[in-house]
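Participant: Here the protein sequences come in this chain order: A and B. The first sequence begins at 67 in this note's numbering and counts up by one. The second sequence begins at 966 in this note's numbering and counts up by one.
No wet-lab data here; the hints were simulated from the structure. Treat the hints with caution; some may be incorrect.
Counterexamples of contact, computed for chain B against chain A with all Cβ distances above 10 Å [what the hints assert, rightly or not]:
id, residue
1, Met976
2, Thr983
3, Ala1037
4, Arg1076
Interface residues of chain A toward chain B, partial, derived using beta-carbon atoms under 10 Å [unchecked claim]:
id, residue
5, Asp92
6, Gln94
7, Met97
8, Arg136
9, Pro137
10, Tyr168
11, Gly171
Owing to the predicted nature of the structure, the values given are computational and were not obtained by experimental measurement. The beta-carbon is built from N, C-alpha and C at its ideal position, and this holds for glycine as well.
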Amino acid sequence: SAVISQKPSRDICQRGTSLTIQCQVDSQVTMMFWYRQQPGQSLTLIATANQGSEATYESGFVIDKFPISRPNLTFSTLTVSNMSPEDSSIYLCSVESRSYGYTFGSGTRLTVV
Amino acid sequence: AQTVTQSQPEMSVQEAETVTLSCTYDTSESDYYLFWYKQPPSRQMILVIRQEAYKQQNATENRFSVNFQKAAKSFSLKISDSQLGDAAMYFCAYRVGYGNKLVFGAGTILRVKS
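Start from the sequences and build out the full structure, keeping to the hints where you can.
Facilitator: This is the structure in structure tokens:
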């Protein structure tokens, strides 16, 4: 399976600021997925990122709030913009391989104060 | 809409015993995949087992097995010989085809008693 390095692992941020989360994959993948996991809850897809095209956002998530970059087939970033305490969550990236299924990064625990 | 339901918010099992976690899903698709993921306190998502809908045989991975009932849209996970390291949040998930998103259930917290 693919190995994903996700950074940072955690951060505490002031409201109104932005945080960029990075995911580096050890192999080329077509699609990367970004999920949010609010405290005590399940995972919700934020967007799907294809290399060379605009990310596709799920209902309730917008590009201005969660801009995504996908400059190549091994890397992606998710920015959480103009943060508020409601953005405090775990953010995870994920990729899929035909043989293994989905692999997840180790997650970024974000706390907004 | 595709939904995944885990009706057990929390389960407990004695070490070395067997426990079954339930999952049902709703879909009109005929070709899809089902997964069980484990999330320990480290928050790392770990694939436990997966099942292709076209396969009638239930998937098995060591102490983990599933009971896949396609007509009933049920996909339960059985953990045999439970170990302390099995304690975690378990998520059932579904997706239609390759490259599509995973849809997760709400999760079941599994506690293992020594």
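Participant: So which of those numbered hints doesn't the model satisfy?
Facilitator: 5, 6, 8, 9
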